[in-house]
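Peer 1: What follows is the residue order along each chain.
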Amino acid sequence: MMKTQFASSFLFATLLLFGSCNDDPDPVKENEEELITTVRLTFTEGTNSFVAEWKDADGDGANLPTVDDISLEAGKTYAVSVELLNESTTPADDISAEVSEEGTEHQFFFITGDGLALTTTYDDQDADGYPIGLQNTFVAGVAGSGTLTVILRHEPNKTAAGVSDGDAANAAGETDVETAPPFNVTIQ
Amino acid sequence: MAKASGTLAQAQPCNLTLQGTVIDMSTKEALPIAAIWLVGPEKGTTTDEKGRFNIKGLCAGTFTADIHYLGYKEKHLTITLPLQNELFVLMEEDDVLIDEVTVQGEAISPDKTQSEVTLSETQLARASGKSLGESLQELPGVSSLKTGPTISKPIINGLHSNRILILNNGLRQEGQQWGTEHAPEIDPMMATQISVVKGAAAVRYGPEAIGGIVVVEPPALPYEHKHLHGNVRLMAADNGRMGSASTTLQGGLGKAESVAWRLQATGRRAGDFKAPDYMLTNTGLKEADFSGAIGYKKNDWLAEAYYSKFTTELGILRSAHIGNLTDLQAAFESERPLIVEDFSYKIDNPRQEISHDLAKATFGKKGRLGDIKLVYGYQRNIRKEFDIRRGGRGETPALHMDLLTHSTDLIWEQRTWQKLRGQIGGSFIYQENRNVPGTGIEPLIPNYNSATSGVFVIERWMEDRWEIEAGLRFDNRAFQVFTFDENNEVIRPKYNFNNFSGSVGLVLKPADGWKVTSNLGTAWRPPNVSELYSQGLHHGAATIEEGNTELDTEQALKWINQLLVRKGIWSAEVSIYAQKIDNYIYLQPQPEPRLTIRGAFPVYSYVQTDAFIAGTDVSLSAQLSKQWQYSLKGSLIRAKDVSKDDFLIFMPGDRVQNSVTWSYPFQSKRTFFVSASHSLVRRQNRYPSGVDYVDPPKGYQLFGLNVGYGSQLFGNDYEIYLEGTNLLNTSYREYLNRFRYYADELGRTITIRFNYKF
Chain A
5 MMKTQFASSF LFATLLLFGS CNDDPDPVKE NEEELITTVR LTFTEGTNSF VAEWKDADGD
65 GANLPTVDDI SLEAGKTYAV SVELLNESTT PADDISAEVS EEGTEHQFFF ITGDGLALTT
125 TYDDQDADGY PIGLQNTFVA GVAGSGTLTV ILRHEPNKTA AGVSDGDAAN AAGETDVETA
185 PPFNVTIQ
Chain B
48 MAKASGTLAQ AQPCNLTLQG TVIDMSTKEA LPIAAIWLVG PEKGTTTDEK GRFNIKGLCA
108 GTFTADIHYL GYKEKHLTIT LPLQNELFVL MEEDDVLIDE VTVQGEAISP DKTQSEVTLS
168 ETQLARASGK SLGESLQELP GVSSLKTGPT ISKPIINGLH SNRILILNNG LRQEGQQWGT
228 EHAPEIDPMM ATQISVVKGA AAVRYGPEAI GGIVVVEPPA LPYEHKHLHG NVRLMAADNG
288 RMGSASTTLQ GGLGKAESVA WRLQATGRRA GDFKAPDYML TNTGLKEADF SGAIGYKKND
348 WLAEAYYSKF TTELGILRSA HIGNLTDLQA AFESERPLIV EDFSYKIDNP RQEISHDLAK
408 ATFGKKGRLG DIKLVYGYQR NIRKEFDIRR GGRGETPALH MDLLTHSTDL IWEQRTWQKL
468 RGQIGGSFIY QENRNVPGTG IEPLIPNYNS ATSGVFVIER WMEDRWEIEA GLRFDNRAFQ
528 VFTFDENNEV IRPKYNFNNF SGSVGLVLKP ADGWKVTSNL GTAWRPPNVS ELYSQGLHHG
588 AATIEEGNTE LDTEQALKWI NQLLVRKGIW SAEVSIYAQK IDNYIYLQPQ PEPRLTIRGA
648 FPVYSYVQTD AFIAGTDVSL SAQLSKQWQY SLKGSLIRAK DVSKDDFLIF MPGDRVQNSV
708 TWSYPFQSKR TFFVSASHSL VRRQNRYPSG VDYVDPPKGY QLFGLNVGYG SQLFGNDYEI
768 YLEGTNLLNT SYREYLNRFR YYADELGRTI TIRFNYKF
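Top line first, the protein sequences correspond to chains A and B. For the first sequence, my numbering gives the first residue as 5, with consecutive numbering after it. For the second sequence, my numbering gives the first residue as 48, with consecutive numbering after it.
Bound conformation, chain A alone (with noise of 0.2 angstroms):
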């Protein structure tokens, strides 16, 4: 019958179609090179020096953080370097690197909470002479207790009011970095 001739030309045409599919349909594990597990703050002040970390292993996972508390001198002046790092490779990758190369695109910012008596101050610049927040003197002032929340945003507006002094409110961009929890911070 013309029928079956019909199907079975059909069938064999399909099974050429098929013949030539992916045979492999396992994932393969991406190298996420962006990802970002580690914010590290070193303070040196005259010879001592220390870190402080705010650590997420998991990425967007459901493990929490892990926040080291920071213990400042009052009236003291730390020089505090920034290194973003990804740790679920092995060795680390250095983030911090990239945001330095592009420097334009990137600016941190530091926001104190509970009445931390911490003021900061950008060290550093980029090409066209903005703040990038990767070196930044922090001098600790009256003795007390308060929270430390470090930003990175992507893309932000630097010519916008007070973004280079450090204020985040009209930077819009992209938040690439937001220490939540906050670095727990104690002036003695």
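Keep in mind the hints are simulated off the structure, nothing from the lab. One or more of the hints may lead you astray.
Interface residues of chain A toward chain B, partial, derived using beta-carbon atoms under 7 angstroms [claimed, not checked]:
#	residue
1	Pro29
2	Asp30
3	Val32
4	Glu34
5	Glu37
6	Glu38
7	Asp60
8	Pro69
9	Glu178
10	Thr179
11	Val181
12	Glu182
13	Ala184
Here are the simulated DSSO-like pairs of lysine-lysine, each with C-alpha atoms no more than 30 angstroms apart in a straight line [unchecked claim]:
#	chain 1	residue 1	chain 2	residue 2
14	B	Lys122	B	Lys614
15	A	Lys162	B	Lys393
16	B	Lys431	A	Lys33
17	B	Lys673	B	Lys103
Just so it is clear, the structure is predicted and the values come from calculations on it, not from any experiment. Every residue, glycine too, gets a C-beta built ideally from N, C-alpha and C.
Once you have looked at the hints, place chain B on chain A.
Peer 2: Then chain B, alone, in the frame of chain A:
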């Protein structure tokens, strides 16, 4: 057949002409290639594309004209020549199964016991340059789920994405339709008409047809036409400085049994669109589509091949790309989008690049027992999404998916036996989804292989004033997912779903001009891989979406009734429906936000509930005089989460549109009209509180004007339209636009269109 009547005036010279137009009685659409035969003079012709005919060299006298048109009741008119005016022949649609009128080789039309609305060729021509989703918004009961000005998905009676089906030239369109920002990859310009069936149509089309189906159908190949025919459609709009051009060329060997072909292409280009107060930066688009078809018909045999390619590049509103919840909050609080730049045609990241290939082969055979049709379909959908990324990775797609689909359908359309006729058929679909490695980001949905098979039977009993139809279907869907578990080990879980669907429908014609249809149907949908395995951050919504591997099948029951009345100057269509969906899958916010290095994000998980949706769609028109026409369209929908006794989220607000059209009554082939419209959309007050970040926006009203002129050029018809939308340049936001958080809808837009048909 009526006999020839007298030929009284033998003395007069036989140089009279009979001319006229054949139109559909209810839609007033011209009917091309209708056959006219004059009994007596024994002369005949067929109508042209405009439904017009012209028979010369007739003698004075009285005789009978027989008019035939496939799918319409035959008409016999008594005519006395010379005639003062042109003849207008109104043809009434023959209400037997629509399949009786489908030419073999065309896609099978959906059931007629279901409520159906259609965009005609004229309406499509007047909407040239629009996407499929935007064009369909014209229809009562159909709205649009948008993501910015260029991404638009149809919503039928409140349901969209995986709950509706789009038939692209008879094949189920297989793209990544689960995504709310993934628009259908179809060029509406390839179709002569687009219909929306609003019932649960699972029996004929298988899983997913819960809310309804959109049928995008190219015309039948022109086997009867000897000459080259086609059209050109040009469009330009000020907003977005948009331009679009589309053309169709087709021809045949001019014999009923022969070869016919068609070529069609469309190009669209736009830059940044504009809201009343600011530019919508990075909302441009680039689209190029092509399709070709060839067919061969001999005796009872038919073979047709079709291929289409759709490619598009879409810019995503720059301000809608945000890092975390703080950024989202800043976006809400800002009156204007945070990034507004000067107009540009440049499409930057974030953007989408999509290509969709579709190939189809159809074989048909007419026989004593009915018609057999075998259809093979191949579809390949490649979707790349580019994000704003660090370290020069902007040119690497953040999402890169390759979806391959093979489908086969075998259908036997029975020849009518007594008053019974029907269809029996089966279908098989095989699908492979692959994430193309190298994105540097874990994929949103995993790789999978899926096989869906189904068999169905639909039978219909037809009496003069009523028809009854019943259908039954069995489906199986089996799929295997390939992904990683928490320990980064590959896992390959398998899923298997079986389901019976059924439907009963009734058509009643109590009196001339009245028709009532009622359909009760079940439909189902196994959970989609995205609902089972989604994992990750949704940019633009600042949410983390989590799949749920425990989800069960969605089960729906929809009852839809439609009343059609054509009485005197009035014409009305009212549909009323109620739908129950058990195991309705939706995203539920979780109490604890997720803490990540980018800040805190709310987490949404897929869960199931029981839903109930009811509503009505109304369309009404009145031919007030020869010049004036009034029409009204409206729809109302109420949707509840029955388990939680709460509202369902993202349901269209109540809307109504009034329009008045004035046409100049030309005696010649020219046409001119002015049409003014007013649409009103009420605020959606029925929404679950505390789920969305921002409450639904205010209601709004818009005014529009369309002016059209048609005439002839080189003996062929052309039309020019000048259309203005949002004439008062009103700033407003629409609840069903996912970018309502960030920006207003489009401001005033002036569009000019030119259509030429030859």
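Peer 1: Can you give the numbers of the hints that this structure goes against, from lowest to highest?
Peer 2: none
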